[in-house]
Amino acid sequence: MQKIDRLLKVIDKVYSGPIVNEKEFDHQNVAAGVARVIEKYQIAFNKEQIIQSDDKLIDRVWEAAIDFLVGCGIYHTDTQRLIKFSRQEIKAALTAAPSDVTIGLGADARQFKTRQVEDPRPPLVGGGPIGTPLSEDQYVPIMQSYFQEPILDIVVPGTLATSYGRQVRARSPLEVIASWQEVDLVQEAAAKADRTGLSVMGVEMAMSDLGHLSAISRGGYRPEDTHIVALISEMKTNNDLLNKAAHSLRQEGVILGFYNPILGGLGGGAEGVAVLILAGWLAMHLIYLPTSVESCPTHPFLSNSTTPDIMRAISVVGAAVSRNSHLLSEFMTSPVSGPGTESLLFECVAMATVVSACGASRALGVRSGVGVVENHCTGLETRFNGEVAHAAAGLSRTQADEIVRQAIEQYKPVMDQKPVGIPFSAAYDTEIMQPTRAWLDTYEQVKGEVINWGLPME
Amino acid sequence: MADVEKLQGELSELLLVEDPDAGLAWAEETLKGDIGVTDFFNLVFTPAMAAVGDKFGRMEIFLPELMDAADRAKRISEEVLQPMMAASDSDQELIRGKIVMASVKGDLHDIGKNMVVLMLRVNGFEVFDMGVDVAPRDILDKAKEVEADIVGLSSLMTTSMPYMKECVELRNGFGLKGNFSVIVGGAPITAEYTAEIGADSFGKNAVEAVERCLALLDRPAIE
Ligand code: B12
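Same order as they appear, the protein sequences are chains A and B.
Each residue of the first sequence is one higher than the one before, starting from 1 at the first, in this note's numbering.
Each residue of the second sequence is one higher than the one before, starting from 1001 at the first, in this note's numbering.
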């Protein structure tokens, strides 16, 4: 079926599905729905390990997610209607999803491919400030610090703290202007690093459909860039998001669906988070027709993705997708720590190892300081995250789990203190666009340490 | 005198068991004993709810349990305590304050806000949750309509934060500064930003949100 026909069928459902109260959806469809399948499929993770390696359990989680999605549906908040799909429709969407695509252009083009659990072929590496607010004067140098890292296969920009000196307001003309400014500044940084063909994942400033529809057009983001469309946690969408999908489909863009369930939220603990990520990914394949999907499950009090429970869920989801489908998958390292700290690098070790060993297609990072501290991010941590992901490819899950647990021991004691580190201007010598000696020393030292643990980094 | 600590423990457990009516029946039964309804409310009911909230803060229970506990507590309050209070002519307030909560305009992030709403509810506040993407004017109108004591604003993005400032400006502009306080929160919000926009308080997380709202109303923290 043509993509446009599929999208039209989704829109039909948006206007004809059963009307449901949002609170009831949260309670009955999501919370009770997750609890139901967790019991039915007897899903309980092994607390002794981070990386779960019981493949029977992993496959049950996959089945549970499909069962849950069929029952739950996706809630459309504008029409208050439920978009429901059958098992057959889910199967068809899984078959139609791509398993190998080209992103980017020219010398910077990359093949984005499905991987297997414990696959020796490394995942692609994505990186950037990933939405972290950047001041206008620092935007280009910070972005350049990422573009110049050869290990990066795709770049994810930061947001602009202000636009032409003004506080940006979502859904206002300033959103349009700021979205274009993002494109302009990203292109400037890419040109400085001589990597204009690299795929860029945006529009980060598109809080609504406005920014997306304007900045993905002539002179803006290209079809070979990666167009972001989110699913609202938990299991919801709206017309803004469907507008984004409709526009990017017409542009024949590479679409990325992302979905971040919250630990301790409607899905409950790690097991529920795993069910929700899988169901949300399938849901996005049904309604947005994306090229690939991503997740950064979030801790409710620390806002990071590097807590043990969350990584347990990720290990299961990565493996479940690789074992049961050919979907292109991706997870984000979102640490509490920021530039200049050792703990930041240990958080990367833990997450990138989990992601790589469990079969994800791409490892994304690093959203330092959970992405909310202005200018607190640098290219170096992304290099490190990528190097870990490369090195962990081919490790057995048991070997990988040892390394992950050692890394957690290093940062666990400081997690609550949120060591956000130093800003870019203090971590990089901007004259030569290189990390300062001190930041580089920390990087070398942590690298040496994890090599001793058995992670084969170069 | 009844052993209030024991009763507290019993109630906070009953609010989390499978049977949704267990707490209700237990409250009716307990109130037949030697504890008066006012004491029950202050020394058993409120602290028991706070204990449930603390469990969530320590992640011993999750959002669905917290939602259920809040619903059950509401029923105990409405079906058992309020009728008894009315009958006893007590002037005790059963709610600790009225709060209007919203994720501000442009912002769809509501998970944190929903947690704050629930924590406030289990701690005895009456909360009017306006949802997401709410315009400043609508928030203000609601606060006036329900005679709110506090307006709570949630923002997760630098691009929606300006609407918090607009809310405070509108409140002050309409001369309503004495009518209700504004508390703000969300991952990017800091104490400095709170002061800068003239909001009255700020909470880092759902646990702190409760403490700060109690402080705004000059109510003692729950033991
Ligand atoms: C989950 C999430 C989403 C989900 C939201 C789902 C939902 N229903 O809420 C989805 C996927 C939809 C989403 C979309 C987007 N997001 Co988002 N998202 C997040 C993420 C990862 C976690 C937020 C969260 O729920 N945390 C868990 C909850 C429990 O924590 P919390 O909200 O902080 O709440 C706690 C406290 O802050 C406090 N609190 C909260 N509110 C209040 C209120 C009061 C009164 C008080 C006292 C306390 C209080 O108590 C809570 C409980 O402890 C954050 C990253 C982060 N570090 O926060 C990004 C983040 C907020 N998102 C961001 C962005 C950019 C976007 C998008 C624009 C991405 C895009 N290009 O599409 C869109 C915009 C959508 C919109 N218009 O709002 C940026 C914002 C950057 C900036 N410039 O400020 C962040 C920081 C990530 C990043 N760096 O990119 N996102």
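There's no promise every hint is true.
Unchecked claim - Straight-line Cα separation of at most 25 Å, BS3-like style, residue types lysine-lysine; simulated pairs: (1) LYS1098/B <-> LYS1032/B; (2) LYS412/A <-> LYS1074/B; (3) LYS1055/B <-> LYS23/A; (4) LYS1032/B <-> LYS23/A; (5) LYS1074/B <-> LYS23/A; (6) LYS113/A <-> LYS9/A; (7) LYS1074/B <-> LYS47/A; (8) LYS40/A <-> LYS56/A; (9) LYS1055/B <-> LYS418/A; (10) LYS192/A <-> LYS91/A.
Said to hold, decoys possible - Chain A regions said to be covered by chain B (calculated; three or more residues, Cβ under 8 Å): (11) 69-75; (12) 111-118.
No lab work stands behind these hints: they were computed from the structure.
Don't be surprised by glycine CBs; every beta carbon is placed ideally from N, CA and C.
These are the hints, each one checked on the structure:
{"no.": "1", "hint": "LYS1098/B <-> LYS1032/B", "result": "violated, 30 Å"}
{"no.": "2", "hint": "LYS412/A <-> LYS1074/B", "result": "violated, 38 Å"}
{"no.": "3", "hint": "LYS1055/B <-> LYS23/A", "result": "holds, 23 Å"}
{"no.": "4", "hint": "LYS1032/B <-> LYS23/A", "result": "violated, 35 Å"}
{"no.": "5", "hint": "LYS1074/B <-> LYS23/A", "result": "holds, 16 Å"}
{"no.": "6", "hint": "LYS113/A <-> LYS9/A", "result": "violated, 28 Å"}
{"no.": "7", "hint": "LYS1074/B <-> LYS47/A", "result": "violated, 36 Å"}
{"no.": "8", "hint": "LYS40/A <-> LYS56/A", "result": "holds, 14 Å"}
{"no.": "9", "hint": "LYS1055/B <-> LYS418/A", "result": "holds, 22 Å"}
{"no.": "10", "hint": "LYS192/A <-> LYS91/A", "result": "violated, 45 Å"}
{"no.": "11", "hint": "69-75", "result": "violated (count 0)"}
{"no.": "12", "hint": "111-118", "result": "violated (count 0)"}
Violated hints, in rising order: 1, 2, 4, 6, 7, 10, 11, 12; the structure is consistent with all others.
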